[in-house]
Structures are given as C-alpha cells and as structure tokens.
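Asks: This is what each chain is made of:
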Amino acid sequence: MGIEEVTVADRIPLVDYLVLDDPPHLTAHRCTACGATYFDRRNACASCSGGAFENVDVASEGTLRAYTIVAFAAEGVPVPYVAALVDCDGVKVRGNIVGVDPDPAKLPLGMKVRLTTFPMGTDSAGTEAVAFGFTPATTTTGAPA
Amino acid sequence: MSDDVWILGIAMTRFGKHPEADTVDLAVEAVQAALADAQVTMGDIGVIGAGCLVESGAGIGQRVQKQIGQTGVPVYNVANACATGATALRTAIMAVKAGEVDYGLAFGVEKLSGAGLLTGNTRDDDGDTWTPSGRFGAVASLDGRVGTVAMPGVFAQIGMEYLHDHPYAGTPLELFARISEKNHAHSVLNPLATYTKRLSLSQIMNDVMIAYPNTRPMCSANCDGAAAAVVVSDEVKRTLSFDQQRRAVKVRASVLTTDPYVDGCQVLPDVNTLTRDAAEQAYEIAGVGPEDLDLVELHDCFATAELVHYDNLGLCEPGGAVDLFESGATWRDGSMPVNVSGGLQSKGHPIAATGIANIFEVCHHLRGEAGDRQIVGARLGLAHVIGLGSACAVHVLESTAA
Numbered sequence: 002m003g004i005e006e007v008t009v010a011d012r013i014p015l016v017d018y019l020v021l022d023d024p025p026h027l028t029a030h031r032c033t034a035c036g037a038t039y040f041d042r043r044n045a046c047a048s049c050s051g052g053a054f055e056n057v058d059v060a061s062e063g064t065l066r067a068y069t070i071v072a073f074a075a076e077g078v079p080v081p082y083v084a085a086l087v088d089c090d091g092v093k094v095r096g097n098i099v100g101v102d103p104d105p106a107k108l109p110l111g112m113k114v115r116l117t118t119f120p121m122g123t124d125s126a127g128t129e130a131v132a133f134g135f136t137p138a139t140t141t142t143g144a145p146a
Numbered sequence: 553m554s555d556d557v558w559i560l561g562i563a564m565t566r567f568g569k570h571p572e573a574d575t576v577d578l579a580v581e582a583v584q585a586a587l588a589d590a591q592v593t594m595g596d597i598g599v600i601g602a603g604c605l606v607e608s609g610a611g612i613g614q615r616v617q618k619q620i621g622q623t624g625v626p627v628y629n630v631a632n633a634c635a636t637g638a639t640a641l642r643t644a645i646m647a648v649k650a651g652e653v654d655y656g657l658a659f660g661v662e663k664l665s666g667a668g669l670l671t672g673n674t675r676d677d678d679g680d681t682w683t684p685s686g687r688f689g690a691v692a693s694l695d696g697r698v699g700t701v702a703m704p705g706v707f708a709q710i711g712m713e714y715l716h717d718h719p720y721a722g723t724p725l726e727l728f729a730r731i732s733e734k735n736h737a738h739s740v741l742n743p744l745a746t747y748t749k750r751l752s753l754s755q756i757m758n759d760v761m762i763a764y765p766n767t768r769p770m771c772s773a774n775c776d777g778a779a780a781a782v783v784v785s786d787e788v789k790r791t792l793s794f795d796q797q798r799r800a801v802k803v804r805a806s807v808l809t810t811d812p813y814v815d816g817c818q819v820l821p822d823v824n825t826l827t828r829d830a831a832e833q834a835y836e837i838a839g840v841g842p843e844d845l846d847l848v849e850l851h852d853c854f855a856t857a858e859l860v861h862y863d864n865l866g867l868c869e870p871g872g873a874v875d876l877f878e879s880g881a882t883w884r885d886g887s888m889p890v891n892v893s894g895g896l897q898s899k900g901h902p903i904a905a906t907g908i909a910n911i912f913e914v915c916h917h918l919r920g921e922a923g924d925r926q927i928v929g930a931r932l933g934l935a936h937v938i939g940l941g942s943a944c945a946v947h948v949l950e951s952t953a954a
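Residue numbers (the numbering used here), protein chains in the order written: chain A, 2 to 146; chain B, 553 to 954.
Keep in mind the hints are simulated off the structure, nothing from the lab. Backbone N, C-alpha and C define an ideal beta-carbon position, used for all residues, glycine too. Possibly wrong hints are sitting among the right ones.
Calculated from the model, a selection of chain A residues having no Cβ within reach of chain B, i.e. all distances over 12 Å [stated by the list, open to error]: (1) 26; (2) 75; (3) 123; (4) 137.
In the SDA-like style, the derived pairs of lysine to any residue whose C-alpha atoms are separated by at most 25 Å in a straight line are [said to hold, decoys possible]: (5) 107/A <-> 649/B; (6) 113/A <-> 820/B; (7) 107/A <-> 585/B; (8) 802/B <-> 606/B; (9) 113/A <-> 585/B; (10) 107/A <-> 723/B; (11) 649/B <-> 627/B; (12) 107/A <-> 802/B; (13) 113/A <-> 717/B; (14) 113/A <-> 760/B; (15) 113/A <-> 649/B.
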C-alpha cells in the first residue's frame, strides 16, 4: 500500500451525507418529482414513488425542534448526551447537540443552532473519522464540551 | 345476517415476572383462560392469529397447538412490533368477517423480564478501520453519535416535539411525571399489573433518569405476560347461551394503519399521523365520536407518548393535550378516563401481549367485571396500540348488555 493512498484518505465522514468541504455541510437526496428529502441510499421516493433524485446541500443553521438528554444507553455509548431533532430550513435532521451542558435550562425549544464537526478518532490505517453535531448558534462554534 | 364480529372470551395473565413459566406456558395460560371465558374449546376454533415478537421466527402458534390442540386449522404467526397482539387479533377478526370461519383465536405472549433496552444493550463495535456501510454509509455505530435509537429517547423527543409545536410554559419533566403519577395511581386497583404501587410526583421526578424527560417509572416496564381473545361471528353468536351473548362485546371498529409519508418521518418516527388516521377511520366505521367513549386504553409506552395520543385520538381539541390532562379528565374519576389499568408504565409491556391486554381491560369494564377499578356504566371504549416502524391498531368496543 502506497503512502499516497493513506494521505488521500486521511479523513472520512461518519456518514456519507456529511461533506467535508470548507465549510463542511450536510447533503440530502431530494426527489425531483415531489421534493421529499432523505439522507439514506434510496430505492425510490416514499412520498410519491418517484425514482429520480438530486443531491442538495442542507442549510447548516437550524432550530431545535425536540431533544432528549440520554442518561441511560447501550454499553459503549457515553452518557449523558443530548440527542435532538433540528429543523434546517425545512429539512429535519437528526443529530446531537454539542458544546452545551446537558441541562434542560440550556436547551430551549426553538433555539437556533448551527452545524459543527469534530474528530471522533483515528483508525489503524491512520484515517481520522469526522462526526457532526449542532451547537447553539449564539455561542462560539467549536469542539464539543 | 350482519357481519359484526364479537369478542366472546378474553383473558390475560398477570403481568410481571414468571420465572417458572416458559413462553408457551404463559401463552397456554392466557389461551385456556380465554377459551374458558368464551365457553368454547380448541375444537371450535377455525383460525389462530399468534404473536411473540422476540421469538417471531419460532412459530409460537404451532408451539401452543402442540400443547393444547393440534386441530390442523390455519395459524398466522404475525410480527408487527408493539402492535403484534392487535395484529394477531385483527387477523382473526378478518377471517371471521370474511365468512371463512365461525370462531377465531388470537394471542400474544412475551418473556421480557430484565430485557433492558429493546434496541440492544451494547453498542456495535467500531472495528479496526473506518469502513462505510449501510444506507447512511456510516463508518461506525450511529447510536449516541447521531441522536439515539433507544426507545426512551425516541419517545422523549416525540413528547418534546409536541411541546415545541404547542408551547408550554411549565417544566416538561413535571408535566410528564404527573401523567405517570396518574397511571401509577390507577395501577393500585389492578391485581394483574406488574407494579401496583402509588408513586408520588417527587418520587417519579427524582427516580433514575433514563432519557429526559422520561425517568424510570415513566417508561413501560419490561415484563412477562400473555393475553388471548376468542372472536365469533354474529350469526353463530346468536345461537349461543344467554350468558355467552350477554357477556359478548361487539367490535364496533377494528383498524390497522401504517405511517403515511410526512415530512421528516424518517428522521424522527412519526407516531402521530398513523394514530390520527386509525382513530378517524375507527370513529367513522363505528359511527361514534371520541365524546361517546367511556374509557380509553392508549399506548403509553412512555409518559411522553400518552400526551401526544390524547391529541391523536381526538380526546381533546387539536393542540389541547396539556389542557385536557391538566383538567383532570383523564384520571379514572374524570370525564375521559385514560389507562385505568395503570397503563404500560405500571401494568407492564410484554410486547406482543399488549395489543390484546388493552382490549381485555376495555372489555372487562364493558362487561361490568372490573371490580374495584370498574368505570361505572361503561358502554363504549377504545383501545389503541402502536408499534414503531410503524403500525397502529385502534379497536372500538361496545357492550350490548342491558
């Protein structure tokens, strides 16, 4: 294996709908017939059964529609953390709220949030995986607390 | 001849720990009790709908037949998440309604004591190298990294989303804990419930947090249990004894829905639209409205779920679920008693049994046999169950006894 290959693939997104451009952003598959958007690989559209999709960038700013503070989880999942549903300009996105205390008082529903990315570890081949979350838009964007 | 279908017999085991009984034992206990309640035998039954979600590949219907009656009739082993039991019952109802059989049997059973999180108690290993896989091209397990897959947190968000759409000035934890307080108070009167202890609001709020705002007593209890029902056609019911006819409960509506596409439904499960659809269809078929109901058993898998289903089942004005609860209407002495069994939070939630057990509770009241917890004069009731994925069943049931 050549060194070049390692350097080319030195970062990889946690999910394929996270694009590690500058700035990083999320992308979605939009049905060209009805406009329904999806993050997963599609066979067809669940809304209209159409089979044609285009990739669209998802807004990186949104509002907090719902959250939970997970305090008990499967072994291997660090707790507590904030799992949330964010509305990014009409596209609903699942993600964690990071960079804020897991405290209901810090998580008002409707709060403005923005996308952030952070490293989640390097594998045995030296590749760094990059995860995403949302951080309150009123505070400095950066790594999670 | 009408194509009405009647519940002739129905029973449930005590929900809770049954270390001495295996899955088949529990199912047999419920089935034999339902047959005895109906005053019929396995030889009368023309079709069997059967469910056991955690053993869904193991043919629970035939395993029960092999203990109590291999009559050669068709068995439909069904799996539909938490709506499995109701789906089994609806399968039997459809066979009777189609005129294929006179009598149908349905049962659901589960052994779940100590099961923990139903989505798994250990996160998948990340492996040696980040390798994209699955439909999101994920290089690692997403649980905990992109939200949560565990039910307490999923349903917590469903409750919180309701408070986003219908702004609430109070503290979510306290609101949902008060719903749980109601159901635990109701459970004191139900000898078949897993937990029958009244809990104070502060006990519930200060118990172990699972996924805010759901603390442990606000989550449905994993437990063992089974429930079973015998249904009969209208034509055959008319030939039965006075006592059988008097206790028969009419199925005014039996509806099963899945979740239709709505924006965002594949991001956070939408338990609302399919419940609304099922309720609207059931009310239309039954020719009744929510105001006609004397009691409701709804799927309070978490305290946060109960709130949204007040609205989904039309028990309140759109957006008025908090007001309905705060009016006291859903307590057993209120105008719209909800979950007088104690609900899943106290009675327990042996998954495949739940969708028949909630119908048992409604029938028990409609027959005037609910003892200390009887809702006096109950004539019309609704049972609701939802399984994520999703499937929703709504049954409207009526007593015709004088």
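Asks: A separate judgement is required for each hint: does it hold in the structure or not?
Replies: Hints and how they fare:
{"no.": "1", "hint": "26", "verdict": "holds, 15 Å"}
{"no.": "2", "hint": "75", "verdict": "violated, 5 Å"}
{"no.": "3", "hint": "123", "verdict": "violated, 9 Å"}
{"no.": "4", "hint": "137", "verdict": "holds, 16 Å"}
{"no.": "5", "hint": "107/A <-> 649/B", "verdict": "violated, 55 Å"}
{"no.": "6", "hint": "113/A <-> 820/B", "verdict": "holds, 19 Å"}
{"no.": "7", "hint": "107/A <-> 585/B", "verdict": "violated, 53 Å"}
{"no.": "8", "hint": "802/B <-> 606/B", "verdict": "violated, 31 Å"}
{"no.": "9", "hint": "113/A <-> 585/B", "verdict": "violated, 56 Å"}
{"no.": "10", "hint": "107/A <-> 723/B", "verdict": "holds, 13 Å"}
{"no.": "11", "hint": "649/B <-> 627/B", "verdict": "holds, 17 Å"}
{"no.": "12", "hint": "107/A <-> 802/B", "verdict": "violated, 51 Å"}
{"no.": "13", "hint": "113/A <-> 717/B", "verdict": "holds, 15 Å"}
{"no.": "14", "hint": "113/A <-> 760/B", "verdict": "violated, 30 Å"}
{"no.": "15", "hint": "113/A <-> 649/B", "verdict": "violated, 53 Å"}
In this structure, the earlier hints numbered 2, 3, 5, 7, 8, 9, 12, 14, 15 are contradicted, and the remaining ones agree with it.
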